[in-house]
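Peer 1: The lines below spell out each chain.
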Amino acid sequence: MPDNVSEVLVVGAGASGAAFAWSLTEAGFNVTCLEQGDWLNPDTDYPTDKIDWEIHRQTDFNPNPNFRNLKSDYPVNDSDSPIAPLMYNAVGGSTIHWSAHFPRMKPSDFKVRTLDDVADDWPISYEDLEPYFDLNDKIMGVAGLNGDTAYPSKSSRQTAPVPLGKPGYKIASGFNKLGWHWWPSDSAINTQPYDGRSACNNCGPCDLGCPIKAKSSTDVTYWPKAISNGARLITNARVREITVNSNGVADGVIYYDANGNVNEHKAEVIVLACNGIGTPRILLNSKSSIFPNGLANDSGLVGKNLMFHPYSSARGIFDEDLEGHKGPSPLNLMSSEFYETDLNRGFVRGYAYQITRSASPISASGDIPWGEKHHDLFASIFNKTISFAIIGEDLPELHNEVILDPELTDADGIPSPKVNYTLSENSQKLLAHGRETARQVMESAGAIDVKLNPLIDQAGWHLMGTARMGTKATNSVTNRYGQTHDVKNLFIIDGSLFVTSGAVNPTSTIQALALYIANYVKKNARHILD
Amino acid sequence: MTDKKLIFTNHQLETLQCAVDCLIPAQDPMPAASAAGAVKFISDATSISPQSRKLMIEGLTQIEIMAQKQGFTYLKLRKEKQKEILHYMESDHNQFFKLLLKETYNGYYTNPTVLRLIGLPGRPPQPLGYELNQGSLDILEPVRSRGEIWRQV
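In the order they appear, the protein sequences are chains A and B.
So the first sequence is residues 1 to 530, counted in the working numbering.
So the second sequence is residues 531 to 683, counted in the working numbering.
No wet-lab data here; the hints were simulated from the structure.
Predicted model, so just to flag it, every value in this text is computed and none were measured.
Hints may contain errors.
Dumping the calculated BS3-like pairs for lysine-lysine here, alpha-carbon to alpha-carbon at most 25 Å [said to hold, decoys possible]:
1. A:Lys451 to B:Lys632
2. A:Lys50 to B:Lys606
3. A:Lys373 to B:Lys606
Given the sequences, and given the hints that come with them, work out the whole structure.
Peer 2: Have a look at this one:
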């Protein structure tokens with residue numbers, strides 16, 4: 001095949017694109033992936049071996065692309081959203097800067113209409129995804145502990161759970177006093193050497209990239225395997241639009257290379273893996289006479305139903321040194337005590353807690369006033385705090401959306417996405433409940449003071465729902481296999497597909513979906529490609 | 531930096547030193563901000579952004595103007611008066627003040643001596659990492675004994 005033609009073209013080299021490309025190349029397909037970012041070299045490109053490492057959170061490793069403003073990024077207009085969307089653009093995508101939380105969505109998450117009479121059921125079930133959760137865990141490598149009572153039993157975890165450390169034992173004692181659920185949660189972190197990658201050395205800041213490859217970003221898990229299978233990965237390639245032929249079949253993409261030159265790539269199957277902001281952006285920008293409202297958008301649902309997980313936080317202060325700098329900053333301990341609906345609480349669905357170790361020095365200093373009292377106040381909290389992030393299930397609402405900004409563009413002139421989002425009354429009640437229960441846990445664990453933050457603004461880590469899957473062309477953008485209703489050779493494999501959000505981090509479920517869809521494409525290639 | 535207007539004068543550097551030491555004064559055993567290199571840090575940090583440097587110079591100039599109104603240069607004012615001016619800057623020149631405070635804290639809490647004094651090893655997290663062993667997970671016993679809580683579908 002010529003260089004600019006492939007059987008399968010994947011757009012985006014992050015969590016889902018990497019898994020999908022690997023799966024297809026295992027079966028011998030000719031796969032090319034276009035990625036707007038570049039490779040990061042773990043040996044040289046991460047700041048955790050520099051004394052000013054923490055400052056990089058404010059600058060080139062800021063999770064918000066608008067602050068980071070790198071060449072690989074595109075600006076996002078978030079002026080009409082109380083939550084800022086976060087992402088990273090590189091080979092590995094947001095798994096470069098994620099904290100490697102790896103919980104699965106639960107069986108009930110796929111059936112919320114049936115169980116709770118809210119939102120919609122997914123067209124697939126936990127059981128449909130289970131083999132792909134297991135396969136994905138094996139490739140990514142998951143640290144965890146079998147037997148979590150808040151889940152059906154899972155396959156053996158690849159390595160032992162992330163150490164609890166003093167903060168973990170402290171907070172676990174609080175949960176136990178209340179009789180509430182907690183468990184060392186699944187993390188995509190090697191706690192022992194696994195699959196040729198080294199063990200975590202408990203350095204702390206997972207969000208700044210892992211130079212020893214113990215954290216499972218897809219540039220060090222799936223991509224080396226996919227590339228050795230023959231996958232072609234073109235970096236610094238920013239896709240502007242998907243093109244269609246006169247029959248309404250997708251036939252390729254137009255993209256800009258690092259020098260801003262326009263290129264075309266043709267393919268028989270096009271796969272979008274740009275997650276909940278990037279995917280609707282490309283679809284909405286792919287207008288043609290056959291698809292005047294954007295590609296695969298006859299339903300009008302492309303970009304609609306944007307879900308974040310809204311986060312509150314609670315920070316407990318303890319009267320002892322918790323050595324909170326030791327161990328991955330995400331403590332990887334979760335509680336599902338308030339995960340499911342209980343209408344007595346005044347809201348539907350629920351939330352989980354994630355616990356993080358003590359804040360690092362600059363973060364800890366942020367709330368400390370200047371002047372004579374600075375040192376005493378700093379000493380009273382540094383390495384003495386444990387924080388809860390209360391992660392709430394966000395329900396889909398049509399008015400929460402991603403649209404194309406009428407003015408703002410990226411460096412190549414492609415319209416930027418604009419996010420319009422409001423926090424629902426249900427979410428507000430749910431988070432308020434979560435803050436108070438978090439306070440109870442903290443106090444039971446011995447906290448001498450608890451500080452609450454009703455809504456973390458820089459926490460739009462999870463981008464979901466903007467090209468949902470479903471049973472009918474009128475209520476969804478794709479069918480149960482991520483195949484768009486309107487264009488049969490166009491697939492979506494990322495968080496955009498989510499019908500509901502659950503109340504856990506989505507990456508594990510996104511990747512399981514990508515592998516599930518890859519299996520469908522492999523089995524039905526002849527039908528799709530004919 | 532080629533634009534001469536964007537180079538700190540010696541006088542501005544003295545004002546800056548005085549200001550950062552009001553923000554983080556010495557308190558045994560902790561050093562004051564300037565003794566932990568905050569002035570050089572701020573100078574370096576603002577050298578990569580003409581906008582930040584301009585904001586910093588304008589703010590320092592404003593501090594000096596406020597001091598002169600009281601008949602002294604800023605560094606000759608009594609500590610209480612110096613702090614008063616910073617409080618004024620915090621409320622009336624907040625953009626400058628936020629930058630000054632952020633970079634002072636950034637500089638201070640990346641200084642190896644300071645890091646050692648707050649109980650850390652005074653080195654980056656990598657490549658050495660930290661020793662942290664998993665203790666006993668018997669503490670999960672109450673969770674296990676309660677049995678499965680996940681919602682059947």
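Peer 1: Now look at each hint and say whether the structure bears it out.
Peer 2: Hint-by-hint comparison with the structure:
At most 25 Å may separate the alpha-carbon atoms for a hinted pair to count; lysine 451 (chain A) and lysine 632 (chain B) meet this at roughly 22 Å. About 38 Å separates the Cα atoms of lysine 50 (chain A) and lysine 606 (chain B), which puts this hinted pair outside 25 Å; it is violated. Restraint check: the Cα-Cα separation between lysine 373 (chain A) and lysine 606 (chain B) comes to about 23 Å, which is no more than 25 Å; the hinted pair holds.
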